[in-house]
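**Q** Residue strings, one per chain:
Number of protein chains: 2
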Amino acid sequence: MAEKHIGKQTVFLKNPPSIKATASIVGPREGKGNLKKCFDYIIPDELWGEDSWEKAESKLVRETFAKVLQNAGLSNDKIDYVLAGDLLNQCIAANYGLRDTNVPFLGLYGACSTMAESMSIGSMLVEGGFADNVVCLTSSHYCSAEKQFRYPLELGSQRAPTSQWTVTGSGAVVISAQGSGPYITHVTTGKIIDLGISDVNNMGAAMAPAAADTILTHFADTGLDPQYYDLIVTGDLGKVGKEICADILKMNGLNIEDRYNDCGVMIFNLNEQDVHSGGSGCGCSATVFAGHIYKEIMKGNLKRVLFVATGALMSPISSQQKETIPGIAHAVSIHRSLD
Amino acid sequence: MAEKHIGKQTVFLKNPPSIKATASIVGPREGKGNLKKCFDYIIPDELWGEDSWEKAESKLVRETFAKVLQNAGLSNDKIDYVLAGDLLNQCIAANYGLRDTNVPFLGLYGACSTMAESMSIGSMLVEGGFADNVVCLTSSHYCSAEKQFRYPLELGSQRAPTSQWTVTGSGAVVISAQGSGPYITHVTTGKIIDLGISDVNNMGAAMAPAAADTILTHFADTGLDPQYYDLIVTGDLGKVGKEICADILKMNGLNIEDRYNDCGVMIFNLNEQDVHSGGSGCGCSATVFAGHIYKEIMKGNLKRVLFVATGALMSPISSQQKETIPGIAHAVSIHRSLD
Numbered sequence: 001m002a003e004k005h006i007g008k009q010t011v012f013l014k015n016p017p018s019i020k021a022t023a024s025i026v027g028p029r030e031g032k033g034n035l036k037k038c039f040d041y042i043i044p045d046e047l048w049g050e051d052s053w054e055k056a057e058s059k060l061v062r063e064t065f066a067k068v069l070q071n072a073g074l075s076n077d078k079i080d081y082v083l084a085g086d087l088l089n090q091c092i093a094a095n096y097g098l099r100d101t102n103v104p105f106l107g108l109y110g111a112c113s114t115m116a117e118s119m120s121i122g123s124m125l126v127e128g129g130f131a132d133n134v135v136c137l138t139s140s141h142y143c144s145a146e147k148q149f150r151y152p153l154e155l156g157s158q159r160a161p162t163s164q165w166t167v168t169g170s171g172a173v174v175i176s177a178q179g180s181g182p183y184i185t186h187v188t189t190g191k192i193i194d195l196g197i198s199d200v201n202n203m204g205a206a207m208a209p210a211a212a213d214t215i216l217t218h219f220a221d222t223g224l225d226p227q228y229y230d231l232i233v234t235g236d237l238g239k240v241g242k243e244i245c246a247d248i249l250k251m252n253g254l255n256i257e258d259r260y261n262d263c264g265v266m267i268f269n270l271n272e273q274d275v276h277s278g279g280s281g282c283g284c285s286a287t288v289f290a291g292h293i294y295k296e297i298m299k300g301n302l303k304r305v306l307f308v309a310t311g312a313l314m315s316p317i318s319s320q321q322k323e324t325i326p327g328i329a330h331a332v333s334i335h336r337s338l339d
Numbered sequence: 001m002a003e004k005h006i007g008k009q010t011v012f013l014k015n016p017p018s019i020k021a022t023a024s025i026v027g028p029r030e031g032k033g034n035l036k037k038c039f040d041y042i043i044p045d046e047l048w049g050e051d052s053w054e055k056a057e058s059k060l061v062r063e064t065f066a067k068v069l070q071n072a073g074l075s076n077d078k079i080d081y082v083l084a085g086d087l088l089n090q091c092i093a094a095n096y097g098l099r100d101t102n103v104p105f106l107g108l109y110g111a112c113s114t115m116a117e118s119m120s121i122g123s124m125l126v127e128g129g130f131a132d133n134v135v136c137l138t139s140s141h142y143c144s145a146e147k148q149f150r151y152p153l154e155l156g157s158q159r160a161p162t163s164q165w166t167v168t169g170s171g172a173v174v175i176s177a178q179g180s181g182p183y184i185t186h187v188t189t190g191k192i193i194d195l196g197i198s199d200v201n202n203m204g205a206a207m208a209p210a211a212a213d214t215i216l217t218h219f220a221d222t223g224l225d226p227q228y229y230d231l232i233v234t235g236d237l238g239k240v241g242k243e244i245c246a247d248i249l250k251m252n253g254l255n256i257e258d259r260y261n262d263c264g265v266m267i268f269n270l271n272e273q274d275v276h277s278g279g280s281g282c283g284c285s286a287t288v289f290a291g292h293i294y295k296e297i298m299k300g301n302l303k304r305v306l307f308v309a310t311g312a313l314m315s316p317i318s319s320q321q322k323e324t325i326p327g328i329a330h331a332v333s334i335h336r337s338l339d
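Chains A and B supply the protein sequences, listed in that same order.
Going by the working numbering, the first sequence opens with residue 1, and the numbers climb by one from there.
Going by the working numbering, the second sequence opens with residue 1, and the numbers climb by one from there.
Just chain A, same shape as in the assembly (with noise of 0.2 angstroms):
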């Protein structure tokens, strides 16, 4: 076993990095939900002065990149690395976005769980000595990924009551060598899971195996127990996808339900907003996290964080051609201070 690695998947990052600063950009409806109050900056429209909703979307990157530099107080030539991706094909929001930010740039893709991947290698090669400072961002956006991945908008079409709500918006953290945390301090890296789920209107179902899986693995690796964390959250699940979750994780004798929530669930007013499920997107558990979760460490409300962004890994063609919905969920173990 690797000297850094606690049981197979996970590893104990004995200097734990700490981060710096987070920003966070959200649309129109994210700026009426649940969280309104918590971000950066709310866009006044879905275009946001640009022509098309990629470069809106390239566009939240580009300003969430600026704003949590600004927040952490550096300049780009303090940032070793930025590592980034989206849900665009070819993941064009976060390599136009970044396109002039002259930092060596390493490109992701985990769809939803990018934020939670991005967060585990920056703070690996931070750990490592590899880079004093690292931007980790993802970004998605409502209209660019309904004409990507369904129906054109103008169709006006019905959504499924288990369909979720892409989340326009782009959160970012700075990870830093030095800090006085919130430290990072394990990292859990998921493994590819397909409990044959073929539903594309049902994300949530296709990816709380993987998430029940990473948290299980995290357990089991790390021997702590749920009450260890005062909030254990998933990334973008949904109402429906985060019950499986916690069911799967009960048939596996781990009741974390008092301690449970869903950034999906958490960004809109489920009852108000007609998001059906909840949402999602690679800019749900980006936003919520640098925008409200991160907040809530820094003022003392949660002292330890497992937070678990979850991806589908499918695409139009894939389902065109009849395959199941893969899963995949990474973690990392956030720390308000190593007392």
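Among the hints, a few may not be true.
One-sided excerpt, in silico: chain A residues whose CB lies under 10 angstroms from chain B [what the hints assert, rightly or not]: (1) Gln90; (2) Glu154; (3) Val187.
Short, incomplete list of chain B residues facing chain A, as computed with Cβ under 7 angstroms [to be verified]: (4) Ala2; (5) Glu3; (6) Ile6; (7) Cys91; (8) Arg99; (9) Asn102; (10) Gly107; (11) Asp132; (12) Ile317; (13) Gln321.
Keep in mind the hints are simulated off the structure, nothing from the lab.
Cβ coordinates follow ideal geometry from the N, Cα and C atoms, glycine included.
Go by the hints and put chain B onto chain A.
**A** Chain B only, in chain A's frame:
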């Protein structure tokens, strides 16, 4: 500057990991090219028994993963991470091809730079003590790429003289903490560079400035002289892009022409095979490295190699929206021995 950084973009791996094994599987056309004797297997036709090109590409990934483990004498449970990506929307070749491996998965998107990106991150994870063994893998497929990025094959579109032929193939390496080389000693991570090329039939020209930037940075950061390497090899600039890259380097005072080659030029017989400017795709640099360069290093014919995979970070949508083509290139320095 971070502990292991030498210069802004390069890390020095003091305890350099070894490339324990490689594997490569290619398509029929690649199997008739200059390097036909180097590959582990040449598939009989582009479908390889599957009912779609995408599924054939997933099979390339699946079988190359199995082959590289066999060549390394390792079982799945000895692999800490697999780092992989491809060109298909949402990276479905890697996602489906590696679905059943039961190995923690980190998905990457660096377009055709992905092989060097995966080896960069993989070797840092190993050197940092986070992994004993990682598999780095990429793929591409001529038919799935043409269908997705250009025109239906059935249309029989005429190709521009500057266009390149996407390689059908998958290449993989196992990078290990223990081993007797070849060693990965330096990693130079590229920035996104966009000099305004918008011709999607001239990817070589779009990527050449990024390749040149990373090569210049590598030598500036390390203080090495180009003569230090027996071979400096770019990923898939093709004939046109290779000349542009060499010219940019010369304009910047670096003449590497006596030891410079390009995987896109090497893989096909450009005089006899109808591939215009040469090979491209993630699978190009992956199979040329895994099939040919690695074996030349093992034979002692090459002692030190700078492997610089190059990617064009655009999509059909970004081109339709009149965006130019950003490029990126990542470099890894490989030594037969540590003398």
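**Q** Next, verify each hint and record whether it holds.
**A** Each hint tested on the structure:
1. Gln90: holds (4 angstroms)
2. Glu154: violated (17 angstroms)
3. Val187: holds (8 angstroms)
4. Ala2: Status holds, d = 5 angstroms.
5. Glu3: At about 4 angstroms, which falls below the 7 angstroms cut-off, the nearest Cβ of chain A leaves the hint on Glu3 of chain B intact, so it holds.
6. Ile6: Hint on Ile6 of chain B: violated, closest Cβ of chain A at ~11 angstroms, above 7 angstroms.
7. Cys91: holds (5 angstroms)
8. Arg99: At 5 angstroms from the nearest chain A Cβ, Arg99 of chain B passes the 7 angstroms test, so the hint holds.
9. Asn102: holds (6 angstroms)
10. Gly107: holds (4 angstroms)
11. Asp132: With Cβ-Cβ at 5 angstroms, under 7 angstroms, it holds.
12. Ile317: holds (6 angstroms)
13. Gln321: Nearest chain A Cβ about 5 angstroms off; hint holds.
Going through the hint list in order, the structure does not satisfy hints 2 and 6.
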